[in-house]
Every structure is written in structure tokens, then in C-alpha cells.
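2 protein chains.
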Amino acid sequence: MALNVEPAVAISNELVNQIGQMISQAQNIAIFSHIRPDGDAAGSILGLGLVLEEAGKQVQMILADGVPGSTRHLVGSNKIQKELNQPFELSIVVDSSDQERIGAVLPEGYTPDINIDHHPTNLYFARTNLVVDQAVSTSVIITQLLQELGYPISPEAASALLTGLVTDSLGFRTPNMNPQALHTAANLMEMGADLPQLYYEALTRRSYEAARLWGVGLSNLQRKNGLIWTTISLAERRAIGYSGDDDADLVNTLPTISGVKVAIILLEQPNGHVKISWRSKLGYDISNLALSLGGGGHKNAAGAMLEGPLDEVEKRIISATQEHIQSQSADL
Amino acid sequence: MALNVEPAVAISNELVNQIGQMISQAQNIAIFSHIRPDGDAAGSILGLGLVLEEAGKQVQMILADGVPGSTRHLVGSNKIQKELNQPFELSIVVDSSDQERIGAVLPEGYTPDINIDHHPTNLYFARTNLVVDQAVSTSVIITQLLQELGYPISPEAASALLTGLVTDSLGFRTPNMNPQALHTAANLMEMGADLPQLYYEALTRRSYEAARLWGVGLSNLQRKNGLIWTTISLAERRAIGYSGDDDADLVNTLPTISGVKVAIILLEQPNGHVKISWRSKLGYDISNLALSLGGGGHKNAAGAMLEGPLDEVEKRIISATQEHIQSQSADL
Numbered sequence: 001m002a003l004n005v006e007p008a009v010a011i012s013n014e015l016v017n018q019i020g021q022m023i024s025q026a027q028n029i030a031i032f033s034h035i036r037p038d039g040d041a042a043g044s045i046l047g048l049g050l051v052l053e054e055a056g057k058q059v060q061m062i063l064a065d066g067v068p069g070s071t072r073h074l075v076g077s078n079k080i081q082k083e084l085n086q087p088f089e090l091s092i093v094v095d096s097s098d099q100e101r102i103g104a105v106l107p108e109g110y111t112p113d114i115n116i117d118h119h120p121t122n123l124y125f126a127r128t129n130l131v132v133d134q135a136v137s138t139s140v141i142i143t144q145l146l147q148e149l150g151y152p153i154s155p156e157a158a159s160a161l162l163t164g165l166v167t168d169s170l171g172f173r174t175p176n177m178n179p180q181a182l183h184t185a186a187n188l189m190e191m192g193a194d195l196p197q198l199y200y201e202a203l204t205r206r207s208y209e210a211a212r213l214w215g216v217g218l219s220n221l222q223r224k225n226g227l228i229w230t231t232i233s234l235a236e237r238r239a240i241g242y243s244g245d246d247d248a249d250l251v252n253t254l255p256t257i258s259g260v261k262v263a264i265i266l267l268e269q270p271n272g273h274v275k276i277s278w279r280s281k282l283g284y285d286i287s288n289l290a291l292s293l294g295g296g297g298h299k300n301a302a303g304a305m306l307e308g309p310l311d312e313v314e315k316r317i318i319s320a321t322q323e324h325i326q327s328q329s330a331d332l
Numbered sequence: 333m334a335l336n337v338e339p340a341v342a343i344s345n346e347l348v349n350q351i352g353q354m355i356s357q358a359q360n361i362a363i364f365s366h367i368r369p370d371g372d373a374a375g376s377i378l379g380l381g382l383v384l385e386e387a388g389k390q391v392q393m394i395l396a397d398g399v400p401g402s403t404r405h406l407v408g409s410n411k412i413q414k415e416l417n418q419p420f421e422l423s424i425v426v427d428s429s430d431q432e433r434i435g436a437v438l439p440e441g442y443t444p445d446i447n448i449d450h451h452p453t454n455l456y457f458a459r460t461n462l463v464v465d466q467a468v469s470t471s472v473i474i475t476q477l478l479q480e481l482g483y484p485i486s487p488e489a490a491s492a493l494l495t496g497l498v499t500d501s502l503g504f505r506t507p508n509m510n511p512q513a514l515h516t517a518a519n520l521m522e523m524g525a526d527l528p529q530l531y532y533e534a535l536t537r538r539s540y541e542a543a544r545l546w547g548v549g550l551s552n553l554q555r556k557n558g559l560i561w562t563t564i565s566l567a568e569r570r571a572i573g574y575s576g577d578d579d580a581d582l583v584n585t586l587p588t589i590s591g592v593k594v595a596i597i598l599l600e601q602p603n604g605h606v607k608i609s610w611r612s613k614l615g616y617d618i619s620n621l622a623l624s625l626g627g628g629g630h631k632n633a634a635g636a637m638l639e640g641p642l643d644e645v646e647k648r649i650i651s652a653t654q655e656h657i658q659s660q661s662a663d664l
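In the order they appear, the protein sequences are chains A and B.
Sequential numbering from 1 applies to the first sequence in my numbering.
Sequential numbering from 333 applies to the second sequence in my numbering.
Don't take every hint at face value.
[Unchecked claim] To give a feel for the contact side, a few chain A residues facing chain B, derived at Cβ under 7 Å: (1) 177; (2) 183; (3) 189; (4) 195; (5) 214.
[Claimed, not checked] Estimated spans, in silico, between C-beta atoms of each pair: (6) A:205 with B:452: 54 to 60 Å; (7) A:222 with B:345: 55 to 61 Å; (8) A:134 with B:614: 39 to 45 Å; (9) A:318 with B:659: 49 to 55 Å; (10) B:344 with A:222: 55 to 61 Å; (11) B:346 with A:17: 44 to 50 Å; (12) B:410 with A:10: 37 to 43 Å; (13) B:390 with A:17: 54 to 60 Å.
Hints are computed from structural coordinates only; laboratory data are not their basis.
By construction, the Cβ of each residue, glycine as well, lies at the ideal position given by its N, Cα and C atoms.
Generate coordinates for the entire structure from the input sequences, incorporating the hints supplied.
Dropping the structure here:
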């Protein structure tokens, strides 16, 4: 029995052809993604980069903040560099909703050639913009694009692309999951990606220090009317010896707690700032709230960075989020 | 672009036709699965049962031990009963490697008509046996069978079948995962199953108190030479308001920490005892150690109960387990 499978994401033929032509006409290609990179940023850069290298291109893969831990095991991740070191003819930005988010790696005033992204907040900042906001990850769009353009995808590239999908969907469980993402994951396995292995490396493996950071975060947990939140101070992070500036992915576990509508982690940063991460259940869109505070993200996963002492930012954010939940509840 | 997708599992046409005929000739059908049921046992019974009901059959769905928590939210799960209450013409056993495992729900000496399973240890105990051991769950085989027989699968039945797949694969991450399981999951979503919702209900939902108990356990974490352990005192559990005498399944997360050979949780009990749970990675057998302390279990998951104050039991257990690891390391 053969089934007809709809394409993973709807991309116009015109756009596919245009991007295909831009790529085929360039020999030196630079690919960029956002600062504080996640698995989809690195997986999308690496998957696309490896395929273009295998097609004979000179490729520079740039992450201003370097390779994140969830993708450091991927073959080829050592090719990702923090800055450009040679000229290029074509620039591709992946998984970044605006140009500023890639860091100061391009000259001021430069306009990127191609922008491939799935964030609904994308600003269409490049000459050619392929934005599909119903795609679960940018790597799903890239997989679809490469298949339509007829580029062979090696097992190493497939592993990088599947890592992007697995991390952005938290292991196929985010509210935006759709059948196409699962078909794409199956296709990437068929191309040689080892799903159980990369799932472990990207999502379930955890350092001792990360486990203790979870301990602090979960011990500091508070809740009020469907809002659940926690704080981690710089002192707490240093006492544990956790070296990252992140929450060791604790934020993604908080919405699984019964009765939660919105979850927040407030993470004190070394520079007098506080990093705020929101996660919300279906029906609660927190992207506008993050945007209004100078941040960004998706309906159900967003972030922002605010200046100020941790306790003041906490009060301000909890109050703003509670108002936001109430206004949303009224809409439901 | 349309892709050709291979069938989820290889089932001979002859077997499909035979089972199809047996079902179409019967009006009263009884479906059984194993005792201590998991999500695949209940999901497979319910998925198959609902489809046959919708096709106009009288169906009895039997689980000797009742419906497990991971599937209690599924529409129709209240139809599952602990014993037969009327005659039937056709019996189908799902997800059970032998007949004994379904419990004492059938007369002695009775041979079931159809056996549908994915366990490699299956004994082919029925008149007609559909056993596909490369299938990730029995519900994948049932989905494939129903599709080949042309039975429509309702959203409720698809939800039950997808729950079987999600639970048996721990959310698509067990070593036996394959592309066909992902294509099947996609098909079940297309039929109306809400993957994020049923994933949450079956695998990730956790109470606020359980999350805070994890906080205590992870904050108290210690390690030494591949051994990682934590304690939770009665006072800590009461301060949180966690009502169970268990560790809220924290122990199963500890072996995912990098470098862990053996993980232990020591849980102070109300009666002056301490409950000890060990988990070990492949190559470290802790069942003998637990046995020598009056407990028991498997190679990689064991437990015991000791009398004494928490801190004394902790010292004794950590020392005994360290010696045990060293003797095992010598064997490796």
C-alpha cells in the first residue's frame, strides 16, 4: 500500500526556483543563524551547510555565539565558526526572525540574500524570504526545500536537520506539532539519521551541574492562578558551578505541571540583566507580551531580556503576565 | 510533491484477508490484553474495539487489571471492563506474548482466535497469529491492519492507537524506533488524534507538588566516582505537601546524567524506615546488592527498605554501593 503524502510545508514553486537559482549561481556561500543558538539554529545551519558542501560549494557556517551543547556531537559541527574569515557571494540566514539576532557578523547596512525561517514574528529582512510559520522547525523547511531542489541529503546532514526538528518540538510534543513534521522526521531517518541517539544527545542527556540547576529552579517554584514561575540567581548558579547563562532547558518542563497556563523562568545574568523565558499552553499566546518587552518568539515559547535587579524584574514580569493571561482568558 | 511511503509493517495479504474474514463473520467480539496493562495494551484494545463498534459489532474490551492511568483520559476507556459479561463469537488478544498474561478471564483450555502482538517472545498461542516484532507497538500493527481492511478509524480510535505508540516508544525515543512508526503516527494525527495532548496526558503531566519534590531531590544531589545519589527526608516531603510515599518517578531521570554508572534515591518513610531505589546503566548489575540487603529487583532497577535514621542508612548504602561498583568495574 502506498500513501500519498502532502508536502511537509507549502512553498511556492516560484520561491523554490528562485532560491535554487541563487544557490546554483554562487560558489562561496555564508550561512548564519541567531545568537544564543538552539538545536534548530545549529541543526539548520549544519544540515544546509553540509548539503551545499557536498554539492561542491565553499561554505562558511557562522554562529556568533558558537555551537550549542545539544548539537556539539553532530558530525561537522566543528566547521561552524564564530565569524566570517573569507569573502562570500551569497548569504543565507536561517531560523532568525530578524537580522539583528544573528549578532554583529555582517557589515552594517548589509542586506542578506535569503532568509529561511518559521517564526511568525519574522521581519522579512532579506532580498528573498522563505518564511513558513506553520513549520515546526526551520530544519523542516530546509529539508523540504533541499528535496524539491533535488540536492542529496547525507546521513550527517539528515542528523543535523532531524536534531533541529527534535529540539524545537521538544521530542515531537509541542502544541504546533503536525503530521508533516512526523513524515519529515521519518524521511530523515530513512536518509540515515539515528533518531534515538540524537534524541538522547540533544534532549535527555544532562550534566550533573544541569541536574542541580534544575534542583534550584524547581525548589524556587511558585504558582498563582495558572501561572507558574521560578527564578535562578547568579549566586545560585555559581554555587552549583553551572557554567552556562541558560536554564539547562528547565523551562520546557514547567508547562507539563498540572493546571499550568503559562510558565516563566527568570534567570539573572552577569551584566545586570535578567533573561526571561515564557512557555504557554495552547490558547495562551505570549509572543505579543514578549514583543512588547523588547523580546520575541512564538505563540507558546518566547523570551526577552530586561535590565534591573532580579526581584524587581520578577515582580514586573509576573504582574504583566498575569494581566496578559486574564485578557487572553477573556478572549477564549 | 507526493512521496511513496512503504507500509508501516509487512503483513502478508493472506493473513490480512484471513483476519478480515474472521472479523466480518462475527457479530460479538471480545478483545483482551495483558495484566498490569501499559499504554499500548489499553490503547490497542480501545483503538481496535472502537473501530469494530463503529462498524456495527458488539464488542467487549477486557483488561483484567482495569484501565491504566496513562489512558484513563481517552474517550471510550470507560467501556473497558475487568471481565466478560456476555457470550462472544470471536476472541482477539492484543499486545500479549502469551495467553497466561491476560489473566484468568477466559475458560481453561480455551484457545483464542486471533493474536496480534509485537513482542519477540510471542508464543503464537492463537488459531491465527499476527506477530510483527519490528513494530514499535502493537497499536502500529493494528493501525496497519485496519487500514488494509478498509475500516474507517475515528479520531477517538486514532487517539487510542497513537497513545499505544507514544507510550511504548517513550515519546519516539526507544532504540527500536523506525521511520514506519513515525509515518503511522503522522497518519493517526491526520485521522484526528491530538498528539501533543495525548503525549502530555500519557507521558509528561506532573503535579506541582511532584515538581517541587524533584526540586528537593535534585538540590540534594551528590556524586562520587560514577555514583550519583540523593536523599529526601520526611520533613522535606511534608513541607512541600507531597502526599505519596514515592519519589514521583525522579529516580528514572537520574541515569540520564552524564557519567552516571549507578543512581540511588534514599527516601525517608514515616515508620522509621528508609526506602532505597537503585538504577544502573548497562553493565552494572545492582540486583544482587539489593537482594543482599533484603530487597530485590532487576539488573538495572532494584529497591530495598532499611531501618534506621536517614543519615546512617545513607552512609551505609553509599559505601556498600561504591564497593559493589568497584567489584563490577573489575569484571567489565
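Violated constraints from the hint list, given by number and in increasing order = 6
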